[in-house]
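Visitor: Chain residues, written in single-letter form:
2 protein chains.
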Amino acid sequence: MEDFDQFSVTEAVIAQMANTPDARLREIMESAVRHMHAFARDVNLTPSEWLMGIKFMTDVGKACTPFRQEFVLLSDVLGLSSLVNVLHDGTRMESGTDTSLLGPFYREGAPAMALGDSIARLTDGPRIMVFGQVRDAEGRGIPHASLQVWQTDEHGEYDLQKHDPKTMDDRGCFTCDGEGRFHFRSVRPLGYTIPMDGPVGALVTAQTRHGCRPAHIHFLISAEGYRELTTSVYLGDDQYIDTDTVFGVSKALIVHAEMGVPGSPDPSLPSIRYDFSLAKASATDSMSRVGSDPSKLVAA
Amino acid sequence: MEDFDQFSVTEAVIAQMANTPDARLREIMESAVRHMHAFARDVNLTPSEWLMGIKFMTDVGKACTPFRQEFVLLSDVLGLSSLVNVLHDGTRMESGTDTSLLGPFYREGAPAMALGDSIARLTDGPRIMVFGQVRDAEGRGIPHASLQVWQTDEHGEYDLQKHDPKTMDDRGCFTCDGEGRFHFRSVRPLGYTIPMDGPVGALVTAQTRHGCRPAHIHFLISAEGYRELTTSVYLGDDQYIDTDTVFGVSKALIVHAEMGVPGSPDPSLPSIRYDFSLAKASATDSMSRVGSDPSKLVAA
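If you read the sequences in order, they're chains L and E. Numbered according to our numbering, the first sequence spans residues 1 to 300. Numbered according to our numbering, the second sequence spans residues 1 to 300.
Source of the hints: derived by calculation from the structure; they are not laboratory data. Just so it is clear, the structure is predicted and the values come from calculations on it, not from any experiment. Treat the hints with care, as some may be off.
Note: identical chains are not told apart, hence a pair may lie in one copy or across any two.
Stated by the list, open to error - Calculated cross-link-like contacts (lysine-lysine; reagent style DSS-like; alpha-carbon spacing at most 30 angstroms):
no.	residue 1	residue 2
1	Lys162	Lys280
2	Lys166	Lys280
3	Lys62	Lys166
4	Lys162	Lys62
5	Lys280	Lys55
6	Lys166	Lys251
7	Lys280	Lys251
8	Lys280	Lys62
9	Lys166	Lys55
10	Lys251	Lys62
Just chain L, with the same shape it has in the complex (with noise of 0.2 angstroms):
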């Protein structure tokens, strides 16, 4: 029986960790249990302030719903996800387009669409069209790349936030053509504010903290062999293009909705171009899914 300094319980706890049979969990939980520590001797955490900590995890794991995640949001506002998809950047085995944060509102099952289609079918708002290509690294088209979309309105309001959970709009799913190309129209998004009323909106306004994310339109796009792409372009001329609450912009996702792009198939809205590169897979990527349904994550 040795008595614990504040160094010493960290070891404690490593070694009463240490037969964990997964490798990959026993690094995961020293690293956390080492960190963890580190933080509590740097603040000198008290005891009223760690209480304060379990009170606020408490709240967040109560505000979590099948509807609304709110840890996926606290660690959007701390950063996390936006690192995260950067290190999953990092293994990627050849270059492609930017992993941005797939959000609290992708949905599965959303309608399939023939190319052309709108996504907008229970908003008005101004349209505009979207097209690119889905590429491969070398730049050639990726035939029949499935693609799937999901934005806000005109409003800045998912479908979620409006209809009945049973109702989809202002998302769906597109199959690329013979050479990667797609196209599809929908309204113009708008940009947002974060939900505010549970304790991350609290910790974002203690801080002071507009809590906006820029206008952007999702997709999570997938192909045989390549690794699977969650991402999303972001509207240059929003007000909070360069300080999104979640950090998920980054400068090649930037697209602007104007008249005159050359290429659109619909030359009377205005358009935004933009091609994907994917990156072959690698043998662990399916271990690696940038996301999945939220609403998978709390029993309804």
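Following the hints, position chain E against chain L.
Guide: Structure of chain E alone, referenced to chain L:
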């Protein structure tokens, strides 16, 4: 607009939190973000592992009820609670008895009792006598110190685990005599396994840890002008005395319930003698109480 790499994304988060008006919140969140990001980089956390983490935290939140605090349990098994206690003791103005875990079974409003009473009112099992003195750092008794006690029964169960939540047993509040002395009767507590049916239990199982705590008796001791002391005494003959799964034991807190203890108010019973030492209160102590009723952390 700068593109993030795995280091610059951390700085972007810090920058966005830099205007937090509460300096302590700013300090804590900056350190938390730096350590959380360093953890993700160190283990090269994959998106699927991140998602497993989100699901785990969500499950921990969902397991919290007014009668079960799974985040406190998580903090306990990862040694964070014990570390916070060590840090807390390091801020004392003078030496005193080691702090130990409050645990999830403290309840406010335990019955007031007279010295000599038995806290085991609904519990059979082998009786013991517990006695001692509450002292200041110079060894002088502190008159009329207040002492709250709680423990398991002889089967290792707290009242909350076997009775209606309104029923209290194996707990009580005592006022020491004019020289700080106390004595009460009880049953010999048994150690127990932490709740293993939730997400924290699943983690502990995956780590092949035994999940056991050695037998102990909890104390929460207070007196005007002194820092409140949350601690426990641990029975030295327990098989888990050296491997407490929540790292609560320190050498100075080990006791034995045995016959022939000098000064026992009831020599017919195995007796534990323990003298507690309280440090003088400092101006900031009221801000740093070691615990509070866990049931207050979740709305009923």
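Visitor: Confirm or reject each hint.
Guide: The hints, checked one at a time:
When the C-alpha separation of Lys162 and Lys280 is checked against a cutoff of 30 angstroms, the pair qualifies neither within a copy, at 38 angstroms, nor between copies, at 58 angstroms. Within a single copy, Lys166 and Lys280 get their C-alpha atoms no closer than 35 angstroms, and across copies no closer than 62 angstroms, so neither meets the 30 angstroms cut-off. Proximity of Lys62 to Lys166 under the C-alpha cut-off of 30 angstroms is found in both arrangements, the shortest distances being 23 angstroms within a copy and 24 angstroms between copies. Proximity of Lys162 to Lys62 under the C-alpha cut-off of 30 angstroms is found in both arrangements, the shortest distances being 22 angstroms within a copy and 26 angstroms between copies.
With identical chains, the CA atoms of Lys280 and Lys55 are at most 30 angstroms apart between copies only, with a shortest distance of 29 angstroms across copies and 44 angstroms within one. For the identical chains of this complex, Lys166 and Lys251 are neighbours neither inside a copy (35 angstroms) nor across copies (60 angstroms), given an alpha-carbon limit of 30 angstroms. In this homomeric assembly, Lys280 and Lys251 come within 30 angstroms of each other (Cα to Cα) only inside a single copy, at 23 angstroms, whereas the closest approach across copies is 58 angstroms. Taking identical chains as interchangeable, the C-alpha atoms of Lys280 and Lys62 are never at most 30 angstroms apart, the minima being 40 angstroms within one chain and 39 angstroms between chains.
In this assembly of identical chains, the alpha carbons of Lys166 and Lys55 lie at most 30 angstroms apart only when taken from different copies (23 angstroms versus 33 angstroms within one copy). Taking the shortest alpha-carbon separations for Lys251 and Lys62, neither the intra-copy value of 36 angstroms nor the inter-copy value of 38 angstroms comes in at or below 30 angstroms.
Against the hints set out earlier in the document, violations occur for numbers 1, 2, 6, 8, 10.
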